[in-house]
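Each chain, letter by letter, is given below.
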Amino acid sequence: MTGLLFARQHPYMRVILIFYRNFLWPAIGISLFACWLIWMSGSWHFIAASFWMKVVTNLFLGLSIHIFSPNQLPFFNNLGYNTIILYTYTFLFDMMLWLLLSWVTIEILL
Amino acid sequence: MRSVLEFDSVDLSFSGRIILSGIYMLCQQGEVVGLLGRNGSGKSSLMKVVFGSLKAQHKSIRVNGVSLQGDYLKKRIIAYLPQGKLIPSHISLRTAFSLFNVDIDEINSLIPEVKDLISLRPSQLSGGSLRLIETLLILFSPSPFSILDEPFSGLMPVHVETLKTIIGNLKNRKGIIISDHMHRHVTELSDRLYLLSNGKTYEIKAHDRLVELGYLNSL
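Protein chains in written order, with my numbering: chain A, 1 to 110; chain B, 1 to 219.
It is possible that some hints are incorrect.
Here are the computed distance ranges between Cβ atoms for each label pair [unchecked claim]: (1) B:Glu6 with A:Glu107: 57 to 65 angstroms; (2) B:Met1 with A:Trp52: 50 to 58 angstroms; (3) A:Ile106 with B:Gly70: 40 to 48 angstroms; (4) A:Thr83 with B:Tyr24: 22 to 30 angstroms; (5) A:Leu59 with B:Ala206: 49 to 57 angstroms.
A partial selection of chain A residues facing chain B, derived with a Cβ cut-off under 10 angstroms [unchecked claim]: (6) Gln72; (7) Leu73; (8) Asn82; (9) Ile85.
If you want the footprint, here are the derived chain B segments under chain A, 3+ residues with CB under 8 angstroms [said to hold, decoys possible]: (10) 43-53; (11) 68-75; (12) 79-93.
Derived from the structure by calculation, the hints contain no laboratory data. Each residue gets a CB set at the ideal place from its N, CA and C atoms; glycine is no exception.
If we strip away everything but chain A, and leave its shape as in the complex, we get (with noise of 0.2 angstroms):
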């Protein structure tokens, strides 16, 4: 909670939280689909096929947003990120979120 109040407050990941919203649910699910699937296999060594499929959904959620929703970036851009600055991050910001989620089951799991 502290962390989440943090990044907030910080203004680099107050901008990325701002964007990673249009993502939000569509990434999530994934994130815990990835997780329920490393729990029915009942071990970590799906952790690699995981990783690959939020890599491959992630650019198509990227696209897709950078295809029907473009008109949202000139206000990112405005605040000083270029746009591929601003999907780098907001990838890894998902991808840490993933990793946590992931690491969690795996420690619950094992």
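Knowing the structure of chain A, use the given hints to seat chain B on it.
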């Protein structure tokens, strides 16, 4: 010293079709520069190229004679109001003002009704009110230059007049480039006027040039 934004040699083409070629424009802090042009003449593309969000085949953009190279968006020298919506629908106007480092009290003192709208989200505002707020957000951001693409679009007449007064007062502290199809407002506000036609800019010193160049049928 007043900052000067200058751009020339902007070449932009899409699929072999030349959109911009042989552009020259200059905007100083302390003046409003108007940009007129017919639909599809490349005004919005030129604004995006200068802002830094659209790559051109070639461009030279300088501030006080120093060339802006690479990713200069992060320097936040230019604030840009796009033709479409600006503020994401899921954040409040207060959050947007905070991210842009805009002093809400200063805006409240000029337009008191903004105070009632500040906690709302864009989807809760009428199109005209949102356009006014977005234009104020860009104008009052700390960037020394603001580029406004169709700021009067959808605004009711009383807000158009208010915005014109604000732009007239704000130019003392920044350079403003403005483009809008309501050409009379643009010409009234502008200290310097350009017409974009056939991919080139023409500085307009006398308004009958707008007729000569085919932008207007008559004055």
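How the hints compare with the structure:
1. About 59 angstroms separates the C-beta atoms of glutamate 6 (chain B) and glutamate 107 (chain A), a value consistent with the hinted range of 57 to 65 angstroms.
2. Between methionine 1 (chain B) and tryptophan 52 (chain A) the C-beta distance comes to about 55 angstroms, which sits within the given range of 50 to 58 angstroms.
3. Remark: the range hint 40 to 48 angstroms for isoleucine 106 (chain A) to glycine 70 (chain B) is upheld by a beta-carbon distance near 42 angstroms.
4. At roughly 28 angstroms, the beta carbons of threonine 83 (chain A) and tyrosine 24 (chain B) sit within the given window of 22 to 30 angstroms.
5. Against the hinted window of 49 to 57 angstroms, the Cβ-Cβ separation of leucine 59 (chain A) and alanine 206 (chain B) comes to about 54 angstroms, which satisfies the hint.
6. With its C-beta approaching chain B no nearer than about 5 angstroms, glutamine 72 (chain A) sits inside the 10 angstroms limit, and its interface hint holds.
7. Among the interface hints, the one on leucine 73 (chain A) holds; its C-beta lies about 7 angstroms from the nearest C-beta in chain B, closer than the 10 angstroms criterion.
8. For asparagine 82 (chain A), the interface hint holds, the least distance from its beta-carbon to any beta-carbon of chain B being 5 angstroms, beneath 10 angstroms.
9. A cut of 10 angstroms between beta carbons decides the hint on isoleucine 85 (chain A): the least distance to chain B is about 8 angstroms, and the hint holds.
10. Beta-carbon proximity to chain A at under 8 angstroms applies to 3 residues in the region 43-53 of chain B; the threshold of 3 is reached and the given coverage holds.
11. Coverage of a stretch by a chain is defined here by at least three residues with a beta carbon nearer than 8 angstroms to that chain's beta carbons; for the region 68-75 of chain B and chain A the count is 4, and the condition holds.
12. Residues of the region 79-93 of chain B lying with their CB closer than 8 angstroms to a CB of chain A number 10, which satisfies the three-residue condition for coverage.
Every hint, counting from the list given before, is met by this structure.
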